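Here are the chains, one letter per residue:
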Amino acid sequence: MGKVGKLVAAALVLVFIASFAAGCSSPKKDPIKIGIVAPLSGGAAMVGDTQVKGVALAIKQINAAGGIHGREVIYIAEDDEQIPAKSVSAVNKLVYNDKVDAVIGTVNSSATLANMEVTRKAGVPQITPISSNPKITKLGNEWIFRLQASDEHQARAIVDYAVNELKIKKPAVIYQSDDYGTGGKDVIVDRLKELNVNPVAVEAFAPDAQDMTGQLLKIKNAGADGLFMWTMYAQAALIARQARQIGLDVQLMGGGGLTNPKLVELAGDAAYGLLNTQTFFPDKEGASPEAAAFIDAYEKEYGMLPDSNAAMSYDSMMILAKAMEAAGPSLDKKKVRDAIAATRDYRGVTGVITIDEYGDANRDILIIRVKVGGGYEVVWPKR
Amino acid sequence: MFVQQVIQGLAIGSVYGLMALGYALMWQAWAVLDFARGEAAMIGAFSILVFHSFFKIPFVAAFPLAIATSAILGYVIQWLAYRPLIGGIPINRLIATLGMGILLRNLARVIYGADPYPFPTVFGDKPVSIGNVLVVPQNVWITAIGFALVVLLRLFLTRTYTGKAMRAAAQDRETAALMGIRVKQSMALTFVLATCLGAIAGLLVAPVYFVRADMGLSIGLRGFASAVLGGLDSVTGAMIGGLLLGVTENLAAGYISSGYQAAIAFSIMILILIFRPQGIMGRRL
Chain A
1 MGKVGKLVAA
11 ALVLVFIASF
21 AAGCSSPKKD
31 PIKIGIVAPL
41 SGGAAMVGDT
51 QVKGVALAIK
61 QINAAGGIHG
71 REVIYIAEDD
81 EQIPAKSVSA
91 VNKLVYNDKV
101 DAVIGTVNSS
111 ATLANMEVTR
121 KAGVPQITPI
131 SSNPKITKLG
141 NEWIFRLQAS
151 DEHQARAIVD
161 YAVNELKIKK
171 PAVIYQSDDY
181 GTGGKDVIVD
191 RLKELNVNPV
201 AVEAFAPDAQ
211 DMTGQLLKIK
221 NAGADGLFMW
231 TMYAQAALIA
241 RQARQIGLDV
251 QLMGGGGLTN
261 PKLVELAGDA
271 AYGLLNTQTF
281 FPDKEGASPE
291 AAAFIDAYEK
301 EYGMLPDSNA
311 AMSYDSMMIL
321 AKAMEAAGPS
331 LDKKKVRDAI
341 AATRDYRGVT
351 GVITIDEYGD
361 ANRDILIIRV
371 KVGGGYEVVW
381 PKR
Chain B
1001 MFVQQVIQGL
1011 AIGSVYGLMA
1021 LGYALMWQAW
1031 AVLDFARGEA
1041 AMIGAFSILV
1051 FHSFFKIPFV
1061 AAFPLAIATS
1071 AILGYVIQWL
1081 AYRPLIGGIP
1091 INRLIATLGM
1101 GILLRNLARV
1111 IYGADPYPFP
1121 TVFGDKPVSI
1131 GNVLVVPQNV
1141 WITAIGFALV
1151 VLLRLFLTRT
1161 YTGKAMRAAA
1171 QDRETAALMG
1181 IRVKQSMALT
1191 FVLATCLGAI
1201 AGLLVAPVYF
1211 VRADMGLSIG
1221 LRGFASAVLG
1231 GLDSVTGAMI
1241 GGLLLGVTEN
1251 LAAGYISSGY
1261 QAAIAFSIMI
1271 LILIFRPQGI
1281 MGRRL
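Keeping their order, the protein sequence lines are chains A and B.
So the first sequence is numbered by our numbering: it starts at 1 and just counts up by one.
So the second sequence is numbered by our numbering: it starts at 1001 and just counts up by one.
It should be emphasised that the hints constitute simulated quantities derived from the structure, not laboratory data.
Please read these numbers as outputs of a predicted model, since none were measured by experiment.
Even glycine gets a Cβ: it sits at the ideal position worked out from N, Cα and C.
Heads up, a few of these hints could be off.
[Said to hold, decoys possible] In the DSBU-like style, the derived pairs of lysine-lysine whose C-alpha atoms are separated by at most 35 Å in a straight line are: (1) A:60 / A:284; (2) A:167 / B:1126; (3) B:1056 / A:371; (4) B:1056 / A:284; (5) A:334 / A:322; (6) A:53 / A:335; (7) A:93 / A:60; (8) A:93 / A:334; (9) A:284 / A:33; (10) A:382 / A:121; (11) B:1126 / A:169; (12) A:382 / A:170; (13) A:138 / A:121; (14) A:60 / A:86; (15) A:33 / A:135; (16) A:300 / B:1056; (17) A:167 / A:284; (18) A:86 / A:33; (19) B:1056 / A:53; (20) B:1126 / A:284; (21) A:121 / A:99; (22) A:333 / A:99; (23) A:371 / B:1126; (24) A:382 / A:300; (25) A:53 / A:99; (26) B:1126 / A:170; (27) A:167 / A:193.
[Claimed, not checked] Using C-beta positions, here's what the derived DEER-type ranges look like: (28) A:84 / B:1095: 19 to 29 Å; (29) B:1113 / A:64: 26 to 36 Å; (30) B:1141 / A:84: 40 to 50 Å; (31) A:285 / B:1079: 52 to 62 Å; (32) A:338 / B:1054: 46 to 56 Å; (33) A:293 / B:1267: 54 to 64 Å; (34) A:304 / B:1081: 33 to 43 Å; (35) B:1148 / A:170: 39 to 49 Å.
Same shape as in the complex, but just chain A:
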């Protein structure tokens, strides 16, 4: 070993010792790990993106306020492409490799139904911010919680409003032919029958369909005076525009999946007056103080308005943090689970939340309307 070589070796040893000493002098606590499972690529990537953004903002605020039990919170996000099998692998990785303390996710109901078996077996608390299929909380799995109002509540609310307040007598239904759309359609049709109203047409379209004029023409011909649609905002924008193009001029109504500033951007004036159910809407003026503060913080952080999914994800993380504080510094997973289940009257950005015996967040459902020129206003409950 030459002279230079010896010097380098000595320097390396010194650096090694110094780094060791530094590690000892300030004993760092392990961070608390939150696993996020969300569609980060594929057709629902935009929704997965706002889910991560919502959780990340909550974590940033929690850390700024000193973390949980003085420990820093970090998140690990895994992509499930909204494919159930991939979702299961993603949660397996989070639970067994990363050893996360809790899981937040995912978007797609079919994927949540599959991946929640992993957290149940491992005994890890899981909150899905937005999966709305009624089945999720009805299978006796005590480790899964849901913040979004289930489609059952949402679809009933909009049907009741249409029939009781708008006096719609000949409604039609259009829905995307997957778990989400079909589940919503079933509740709408059943509720209409309970109210003694017969839908004049019930039409499906493929989840990737671009042209729904065939279905809309049929609905127009059936003489509909109102149209329920159970789909997401991008296809709702297509439906709104195509309905106008074929001269179908009826009240458009739907569920929480329609709330997004993009709806008006894409559909333009064809979306004005559209009604849908919601538990969160990005309108500072009509919002609660909690929601307004969140909208401000989100806009500042990301330069865009939050959608309901971002808000649900933010609330999921905040409720989780509160439960972790309440469960004590050991972060015993069963205690955290029990603390989430014990959530009562929590004032979140998506409303006042109480977790019911099934693990569903019970709350009032709002009905909001797209204003002329964009933006939303609450039409129900009446103020």
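Let chain A serve as the given structure and place chain B on it in line with the hints.
Positioned in the frame of chain A, the structure of chain B alone reads:
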């Protein structure tokens, strides 16, 4: 209602037809089913979006700019992924097209995000009433431009030296090369042409179906089906195949069952192919 359903079917069918032209062209010149065809539409749509909506360049100037951009990108794509495989076995080329499609789709998603972008209408989207039928001006334009391109493409392929050279190169590369045709150049040109056709389809549909990273997937698939239906070796057939598929889809939704809209349309396609495997306008195999 029947007439209205047919008119709506023709509108979406013209888009399928325009996409199908690209498939037919690629089949004729490269002897490959190019599953990245849909992405040409995506490239065209995003090009016009960037020039017209982001840089605020007027449509008349943005249109040729978008086509030029698509042509350049098309050349780069064939040079990167298609040209090295010319001598290889056909299945490799097929896989390369699939891979290129996935790559381009996700690249667009990384750059522009997954949300759709609106695009202002150029030809007008307010319906005009003719008798008791409603017609949307931009749909008429899409159909008219589609047919104009078919005529131009046919003339180009059958009357010009370059067009004939393209077809010769596709039929028998070695013989064509012996006859003095610059085969690789000719194939590159076809690719660029096919990309431009896809781009035109993409920027025509941008106001109707928005601009999104995965827009090529569904219209690409329908375009492929239309090309097979019409006959892969006939550009006229490709256009007719598109119109037929569009009309069938709409009539299926209107009169049979919207839940099985695609299933019915594709069943009819399979039926036609059982009796005419070469497609409606295709030459006998």
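Cross-check of the supplied hints:
1. A:60 / A:284: holds (22 Å)
2. A:167 / B:1126: holds (29 Å)
3. B:1056 / A:371: Given pair residue 1056 (chain B), residue 371 (chain A) holds - Cα atoms ~27 Å apart, limit 35 Å.
4. B:1056 / A:284: holds (31 Å)
5. A:334 / A:322: holds (15 Å)
6. A:53 / A:335: Given pair residue 53 (chain A), residue 335 (chain A) holds - Cα atoms ~27 Å apart, limit 35 Å.
7. A:93 / A:60: holds (24 Å)
8. A:93 / A:334: At roughly 20 Å apart (the allowed maximum being 35 Å), residue 334 (chain A) and residue 93 (chain A) satisfy the hint.
9. A:284 / A:33: Cα-Cα ~32 Å, so holds.
10. A:382 / A:121: Violated, because 45 Å separates the two Cα atoms, which is more than 35 Å.
11. B:1126 / A:169: The hint holds at about 28 Å.
12. A:382 / A:170: Since the Cα atoms of residue 382 (chain A) and residue 170 (chain A) sit roughly 24 Å apart, the hinted pair holds (cutoff 35 Å).
13. A:138 / A:121: With a Cα-Cα distance of about 17 Å, the restraint between residue 138 (chain A) and residue 121 (chain A) holds, given a limit of 35 Å.
14. A:60 / A:86: Holds - the C-alpha atoms of residue 86 (chain A) and residue 60 (chain A) are around 28 Å apart, at most 35 Å.
15. A:33 / A:135: Roughly 28 Å between the alpha carbons, so the hint for residue 33 (chain A) and residue 135 (chain A) holds.
16. A:300 / B:1056: Between residue 300 (chain A) and residue 1056 (chain B) the Cα gap is close to 27 Å, so the pair holds against 35 Å.
17. A:167 / A:284: holds (31 Å)
18. A:86 / A:33: It holds: about 21 Å lies between the C-alpha atoms, which stays within 35 Å.
19. B:1056 / A:53: holds (30 Å)
20. B:1126 / A:284: holds (34 Å)
21. A:121 / A:99: Roughly 14 Å separates the two Cα atoms, so the pair holds.
22. A:333 / A:99: Holds, at about 12 Å.
23. A:371 / B:1126: holds (21 Å)
24. A:382 / A:300: holds (31 Å)
25. A:53 / A:99: This hinted pair holds, its Cα atoms lying about 22 Å apart.
26. B:1126 / A:170: Holds, at roughly 26 Å.
27. A:167 / A:193: At roughly 15 Å apart (the allowed maximum being 35 Å), residue 193 (chain A) and residue 167 (chain A) satisfy the hint.
28. A:84 / B:1095: 19 to 29 Å: holds (27 Å)
29. B:1113 / A:64: 26 to 36 Å: Holds: the Cβ-Cβ distance is about 28 Å, inside 26 to 36 Å.
30. B:1141 / A:84: 40 to 50 Å: holds (43 Å)
31. A:285 / B:1079: 52 to 62 Å: holds (55 Å)
32. A:338 / B:1054: 46 to 56 Å: holds (52 Å)
33. A:293 / B:1267: 54 to 64 Å: holds (55 Å)
34. A:304 / B:1081: 33 to 43 Å: holds (35 Å)
35. B:1148 / A:170: 39 to 49 Å: holds (43 Å)
In this structure, only the earlier hint numbered 10 is contradicted, and the remaining ones agree with it.
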